[in-house]
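Student: Take a look at the letters that make up each chain.
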Amino acid sequence: MKNRSWMTAFVIVTMLAVVALTGCGSNEGGNGNNSGGANGGANGGEPSETSSALDAIKSRGKLVVGVKYDTKLFGLKDPASGKVEGFDVDIAKALAKQILGDETKLELKEVTSKTRIPMLNNNDIDMIVATMTITEERRKEVDFSDVYFKAGQSLLVKKGSPIASIDDIKKGTKVLAVKGSTSVDNIKAKAPDATVLEFDNYQDAFSALKAGQGDTLTTDNAILYGMEAQDPGYVVVGEPFTDEPYGIAIKKGSTDLLNSVNEGLKKLHDSGDYDKIYEQWIGKAPSGE
Amino acid sequence: MPDISIWTDYFGIYMKGFGNTVAASVIALLGSFAIGTIIAVFRISSVKPLRWAGTAYVEFIRNIPLLLVIFVFYYGLPSIGITLSGFICGTIGLMVYTASFVAEAIRAGIMSVPAGQTEAARASGLSYTGTMRHVVLPQAIKIVIPPLSNQFINLVKNSSILGVFAGFDLMYYGDQVAGKTYATFDTYLFVALLYLVLTLPLSYAALRLERRLAGNG
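Line by line, the protein sequences give chains A and B.
The letter at position 31 of the first sequence is residue 31 when you use the UniProt record's numbering, and the numbering goes up by one with no holes.
The letter at position 17 of the second sequence is residue 17 when you use the UniProt record's numbering, and the numbering goes up by one with no holes.
Hints in this document: simulated from the structure, not taken from any laboratory.
Be careful, since some hints might not be right.
As the list claims (entries may be wrong) - Restricting the straight-line Cα-Cα distance to at most 30 angstroms, the calculated cross-link-like pairs of lysine-lysine (DSS-like) are:
hint, chain 1, residue 1, chain 2, residue 2
1, A, K140, B, K48
2, B, K48, A, K174
3, A, K210, B, K16
4, A, K188, B, K16
5, B, K16, A, K190
Just need the whole structure built from these sequences, with the hints factored in.
Tutor: As structure tokens, then:
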């Protein structure tokens, strides 16, 4: 018994060190009060039913956008500086500029795949720019802008893994994914024999892959490239097996806001700024735009 | 008015999770009771190293968040070659964690019996085991039941943490349904009701037991 206690103590100390080294996956705790503002966010009293959503944002003088804080390349909070950076964040800045004429009039709130639609419908945020795939099912819940990023689902494996493509996923292969994301439905359709393990966020899923709790991690290739960049011991394999257009989600019926967002996206493409943002984060020029 | 179809359409999925939550809770409950009792005995032992070991266990484990205790098992153990599933890691973590609280509850119960009674029992010729069995434990158990039942109710609720480690419990499937249907409130309302199905009888049983033991006083 004494031995067991010491073993436990030893394992805990080791683990604390591991947690410290891997940067600790628990940045969920902040729950998105990044901008520090006790300013009531998007639900600042304007009843969006009567006045338009766009007018509400303009009179508030601030655009509140839900982005991810745990997704490299798209929306990642730097624990040192506290800044949230990525492709989605830059798109959100551009939209703040389009709508309010100033890219600093932007408040970011943390969302996850699980929380983003409830938060939007609760008026906690004005829009979602968070690696969100446009699907018919989601269209019933929210309105989507034009496609702002073309992604496709792929597989991330440890270097040297026998899995080279979706065809190598056999019965009993453990596939890691994130709760509430389309990737779960896709992998279950393409590889029905696989055991799918779902996690709360990408960090937990990637940690699980690193710990050997699964054989492969599946989600949009854009996110997987971010993980590959973070740890070269892991590679994206095979061709993308789905077509996943990312859209900006807006509360249903806010037509004027939607038009303004689409206009902003178009301007971004026309000015060439979109390509710049794309290259800065993804590392190569957008294909087939 | 909650949308009942969210409950009926996915009933099978909830039940899968419910079954696993029951299994994890029962295993962790029995295990934590056994480990907790042993640790409590260690803590009041007259052998110093045993006492130290017991104290170290309690102070280490109960002062670390449950989430991190399971973290150790799920993400840490694979680095030394032991890979266990989320369900197993979650259940073991829950067991180990709750045991530290159980140990304290049991120790407090035993300590609450005045030392004079032990001395008197020993002086009148009873052995240590006999003293424990006939004098100390019958009184201690009455004091221990309420805090112990608290811990076990907490354990059932804490088992929802398995959902974070792909443990296929009620919360895991609840997250799945909520993610699929976007009916967040209705889904978790049903999940909450299912947890009540487990915890309320536990509360009631504890109360009954407490009354019965009090009657036998």
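Student: Evaluate each hint against the coordinates.
Tutor: Status of each hint after checking the structure:
1. K140/A x K48/B: Not OK: K140/A and K48/B at ~66 angstroms, beyond 30 angstroms, violated.
2. K48/B x K174/A: 47 angstroms, violated
3. K210/A x K16/B: 28 angstroms, holds
4. K188/A x K16/B: At roughly 18 angstroms apart (the allowed maximum being 30 angstroms), K16/B and K188/A satisfy the hint.
5. K16/B x K190/A: 23 angstroms, holds
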